[in-house]
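Quick note: this note's numbering has the sequence shown finishing at residue 140, numbered continuously throughout.
No wet-lab data here; the hints were simulated from the structure.
Remember, predicted model here, so these are calculated numbers, not experimental data.
Any given hint could be a false lead.
To be verified - Label pairs and their in silico Cβ distance ranges: (1) A70 with V131: 45 to 55 Å; (2) E74 with L15: 44 to 54 Å; (3) L26 with T99: 15 to 25 Å; (4) P119 with G97: 37 to 47 Å; (5) A29 with Q134: 46 to 56 Å.
Where is the CB? At the ideal position from N, CA and C, for every residue including glycine.
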Amino acid sequence: MPRTRVQRERGSIALEFAFAAPVVLLLLALAWTFGRVAWANGHLEAGTRDAARVATQARSMQEAQSSALAVLRENTQAVQGCPASLAVQISGDFEPGSTLTVQASCSYSLSDIGMPGAPGRVSPSSSFASVVDQHRGLTP
């Protein structure tokens with residue numbers, strides 16, 4: 001009697017593995033995709049924060065714009081495609097004690113992940129406000 005039960009269950013592990021393996025692989029790929037998006041967004045947010053702080057120490061709005069863009073490019077360099085598509089906007093009054101807001105956005109591709117159903121491009125944006133340094137000089 002036990003012999004027939006063993007013969008009936010023969011191959012059941014292979015069948016269970018055949019059903020479970022694609023699900024596990026899909027979950028791992030999904031976790032990898034979410035991790036990559038979070039990593040790229042973290043670089044953009046850190047770059048925006050640093051750009052706002054650098055912009056508030058500049059002596060002119062033009063210098064603030066160029067230094068903010070340079071800092072953002074440096075911080076997002078690891079994200080493939082993001083530095084080339086950066087858009088930076090600085091708003092606010094450039095008087096000592098006022099607040100400047102740096103808004104940045106970029107676009108990068110997820111096509112190299114190779115996961116079916118993943119969007120082709122992701123376009124995150126970030127914003128950070130910082131107070132203009134009250135003790136900076138206005139002229140060089």
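Okay, the hints, checked on the actual structure:
1. Hint check: A70 to V131, Cβ distance near 21 Å, so the stated range 45 to 55 Å is violated.
2. At roughly 53 Å, the beta-carbon separation of E74 and L15 lies within the given 44 to 54 Å, and the hint holds.
3. Between L26 and T99 the beta carbon distance is about 45 Å. The supplied range of 15 to 25 Å is therefore violated.
4. The beta-carbon spacing between P119 and G97, approximately 42 Å, falls within the hinted interval of 37 to 47 Å.
5. Take A29 and Q134: their Cβ atoms lie about 50 Å apart, and the range 46 to 56 Å holds.
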